[in-house]
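Protein chains: 2
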Amino acid sequence: MGNHPTIEDVARAARVSRQTVSNVLNTPERVRPVTRERVESAITKLGYRPHASARRLRTQKSSTIGIRLDPMSNGISGSVLDSFLHALTEQADQRGMRVLLYTAADPHAEMAQIRKLHDGADVDAFVLTSTFHGDPRTEYLIAGGVPFVTFGRPWGVDDMNDPQHLWVDVDGASGVREATEHLLARGAARVGFLGWPSPSGTGDDRRRGWQSAMAQAPGMDAATLAALTITASDSVTEAQSAVLRAHAAGARWDALVCASDSLALGARMAAASVGLAELPIVGFDNTPVAEAVGLSSVDQRLTEVAAGVLELLMGVSGKAIVPRELTPGESHRLITPRLVVRRGDTGVDLAGAP
Amino acid sequence: MGNHPTIEDVARAARVSRQTVSNVLNTPERVRPVTRERVESAITKLGYRPHASARRLRTQKSSTIGIRLDPMSNGISGSVLDSFLHALTEQADQRGMRVLLYTAADPHAEMAQIRKLHDGADVDAFVLTSTFHGDPRTEYLIAGGVPFVTFGRPWGVDDMNDPQHLWVDVDGASGVREATEHLLARGAARVGFLGWPSPSGTGDDRRRGWQSAMAQAPGMDAATLAALTITASDSVTEAQSAVLRAHAAGARWDALVCASDSLALGARMAAASVGLAELPIVGFDNTPVAEAVGLSSVDQRLTEVAAGVLELLMGVSGKAIVPRELTPGESHRLITPRLVVRRGDTGVDLAGAP
Numbered sequence: 001m002g003n004h005p006t007i008e009d010v011a012r013a014a015r016v017s018r019q020t021v022s023n024v025l026n027t028p029e030r031v032r033p034v035t036r037e038r039v040e041s042a043i044t045k046l047g048y049r050p051h052a053s054a055r056r057l058r059t060q061k062s063s064t065i066g067i068r069l070d071p072m073s074n075g076i077s078g079s080v081l082d083s084f085l086h087a088l089t090e091q092a093d094q095r096g097m098r099v100l101l102y103t104a105a106d107p108h109a110e111m112a113q114i115r116k117l118h119d120g121a122d123v124d125a126f127v128l129t130s131t132f133h134g135d136p137r138t139e140y141l142i143a144g145g146v147p148f149v150t151f152g153r154p155w156g157v158d159d160m161n162d163p164q165h166l167w168v169d170v171d172g173a174s175g176v177r178e179a180t181e182h183l184l185a186r187g188a189a190r191v192g193f194l195g196w197p198s199p200s201g202t203g204d205d206r207r208r209g210w211q212s213a214m215a216q217a218p219g220m221d222a223a224t225l226a227a228l229t230i231t232a233s234d235s236v237t238e239a240q241s242a243v244l245r246a247h248a249a250g251a252r253w254d255a256l257v258c259a260s261d262s263l264a265l266g267a268r269m270a271a272a273s274v275g276l277a278e279l280p281i282v283g284f285d286n287t288p289v290a291e292a293v294g295l296s297s298v299d300q301r302l303t304e305v306a307a308g309v310l311e312l313l314m315g316v317s318g319k320a321i322v323p324r325e326l327t328p329g330e331s332h333r334l335i336t337p338r339l340v341v342r343r344g345d346t347g348v349d350l351a352g353a354p
Numbered sequence: 001m002g003n004h005p006t007i008e009d010v011a012r013a014a015r016v017s018r019q020t021v022s023n024v025l026n027t028p029e030r031v032r033p034v035t036r037e038r039v040e041s042a043i044t045k046l047g048y049r050p051h052a053s054a055r056r057l058r059t060q061k062s063s064t065i066g067i068r069l070d071p072m073s074n075g076i077s078g079s080v081l082d083s084f085l086h087a088l089t090e091q092a093d094q095r096g097m098r099v100l101l102y103t104a105a106d107p108h109a110e111m112a113q114i115r116k117l118h119d120g121a122d123v124d125a126f127v128l129t130s131t132f133h134g135d136p137r138t139e140y141l142i143a144g145g146v147p148f149v150t151f152g153r154p155w156g157v158d159d160m161n162d163p164q165h166l167w168v169d170v171d172g173a174s175g176v177r178e179a180t181e182h183l184l185a186r187g188a189a190r191v192g193f194l195g196w197p198s199p200s201g202t203g204d205d206r207r208r209g210w211q212s213a214m215a216q217a218p219g220m221d222a223a224t225l226a227a228l229t230i231t232a233s234d235s236v237t238e239a240q241s242a243v244l245r246a247h248a249a250g251a252r253w254d255a256l257v258c259a260s261d262s263l264a265l266g267a268r269m270a271a272a273s274v275g276l277a278e279l280p281i282v283g284f285d286n287t288p289v290a291e292a293v294g295l296s297s298v299d300q301r302l303t304e305v306a307a308g309v310l311e312l313l314m315g316v317s318g319k320a321i322v323p324r325e326l327t328p329g330e331s332h333r334l335i336t337p338r339l340v341v342r343r344g345d346t347g348v349d350l351a352g353a354p
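Chains as they are written, first to last, in the UniProt record's numbering: chain A, 1 to 354; chain B, 1 to 354.
Treat the hints loosely; a few may be bogus.
[What the hints assert, rightly or not] Calculated cross-link-like contacts (lysine to aspartate or glutamate; reagent style EDC-like; alpha-carbon spacing at most 16 Å):
1) A:45 to A:8
2) A:45 to A:9
3) A:61 to A:119
4) B:116 to A:93
5) B:61 to B:119
6) A:116 to B:93
[Unchecked claim] Just a sample of chain B residues kept apart from chain A, beta carbon distances all over 10 Å, derived:
7) 13
8) 15
9) 17
10) 223
11) 226
12) 233
13) 244
14) 321
15) 329
Since the hints were made in silico from the structure, they are not lab data. Just so it is clear, CB atoms sit at the ideal spot from N, CA and C, and this is done for glycine as well.
With the hints as constraints, model all of the structure from the sequences given.
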């Protein structure tokens, strides 16, 4: 490192002008073959590499993707975005792209960050996470012509197929339906659902998966389904309290499906304390915690999500950063998650029959 | 975004040459005040901002810190480096620095990445994590004159005070000693230690903290201490098996101090299954899992670690990226962790007296 050969060193070694070296690098077709070979040989011999900033200035490309790093939530579910970041960085690296992190306290601060990074040509494209209904960021990016992909679908009705809004999301309803059907098939009849308060795009989507599976089961009218539903914010202790309150009020379940591993862990602790240590419980996110305590869970397949994000940005094999001509069907990917069944630490199959 | 004013637009508006605008930006002291004011006024009016790549090329500064993102470990302890990354990114942002991620399969691949990023002036300085005895990366960086700080001390004996190797680390021995002394003060006599196989720089350091606290307790000879020690690799199930094996072989403890939360969770599950659900157990790392299951743990204070890293790189208030003149005592920070005491999910104080 330290001192590197400069373009002047190459020019001197090849006995050409600085401009000729520059032409060989940028418009080789304009340089006579015999001269080009001499310059290329000098480049190789000296180990000259064009300065990245100069190259970026020339090409207006930084080969860099920007992504916001959310404040540390100190929670269990927060690890999902960290896992996604790992998958994205690893796969971006394989495609010659880097990942630049930034922070922002709210969507408006994030828009200011995006503007700064994009204006400076520091970042070619952005990956937005934690989308929500009425999210101002996507409209802003579309208006500014800034390439981006969201991990998370647009939660408005009209823009799901907008070819200007590229997105990758996980089909939460499908994952929760699979978990519920698995429990029903193993003999559970009253499968409860522990989810977040409505409205929540992600949470309501997951609850719909449970509802659609339960609608197939015999005797499941609206009142019965309502009696099987528990609501809590995404915290272990809130979930624990909510399950204990519902149990004290007489609610009974053969099994529980939960909108997150945090909720599932709270349910697990509540169940154990009322003599239901063997109640089958399934979480969502397949976090390290679920693995550690032997909790079945729905895995979001974040490697697939990251691959989808990069494919939408760069094409399947190419280096293109959007915009390209995309049909509505090509502008998003909906990943089907998979159920991971584990035996719990009580020694019984937690996702098994009661 | 889209079209931005160029340096030519500013020159035209201020009725000066392109070179004069450039002088105002780079060497304003050389420009006559009346001209400078006219150019500055045009810059403000047009909202011109110098292109970041051009600025970087000029200053050879990228305002960017590079850090390797380790492959996803899917474990509990892996969240420590993610937490550190969050703290580093937030504080770097407050100092006008960005964080660029890269991946590397091994130390040699990392050195190649570092060379590429540093040669391209993409990154001003590097933060290295997961240092180990005989780590080739630090020697390489010192030889190349590349600014860096390691999170993790040099594990060799001679280089702890090398002013060329800046480092921040957490005093693991002190944290484990505090945890052990806490348990002894609450009435436990036979405090066991569950740690990783030796040699392990970090693991041996933590075990020394337990040893030094136990050495103060009455009747603790080498044989007793050996009988109180359990070893397992950093996995919940390995820890669970190791504790069960030791218990079956007749080992008895009043409490357990563990080198990580993964080990502590395994110990917790093992203890519960042999009727010792109330055995006080303390982990290390204060991960989300420890918080979720109510396990006492030693917190590394990663916000302090990140602040120390940035202070070593940039000075307490300045923008300097090392090298500066540093005395041996100024070239590192050893952060004292703190014990977080929690009540467990069994309803008893897990860190309390037996």
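Hint check results:
| no. | hint | result |
| --- | --- | --- |
| 1 | A:45 to A:8 | 14 Å, holds |
| 2 | A:45 to A:9 | 11 Å, holds |
| 3 | A:61 to A:119 | 12 Å, holds |
| 4 | B:116 to A:93 | 13 Å, holds |
| 5 | B:61 to B:119 | 12 Å, holds |
| 6 | A:116 to B:93 | 13 Å, holds |
| 7 | 13 | 19 Å, holds |
| 8 | 15 | 25 Å, holds |
| 9 | 17 | 20 Å, holds |
| 10 | 223 | 33 Å, holds |
| 11 | 226 | 29 Å, holds |
| 12 | 233 | 14 Å, holds |
| 13 | 244 | 12 Å, holds |
| 14 | 321 | 15 Å, holds |
| 15 | 329 | 28 Å, holds |
Hint compliance for this structure: every hint is met.
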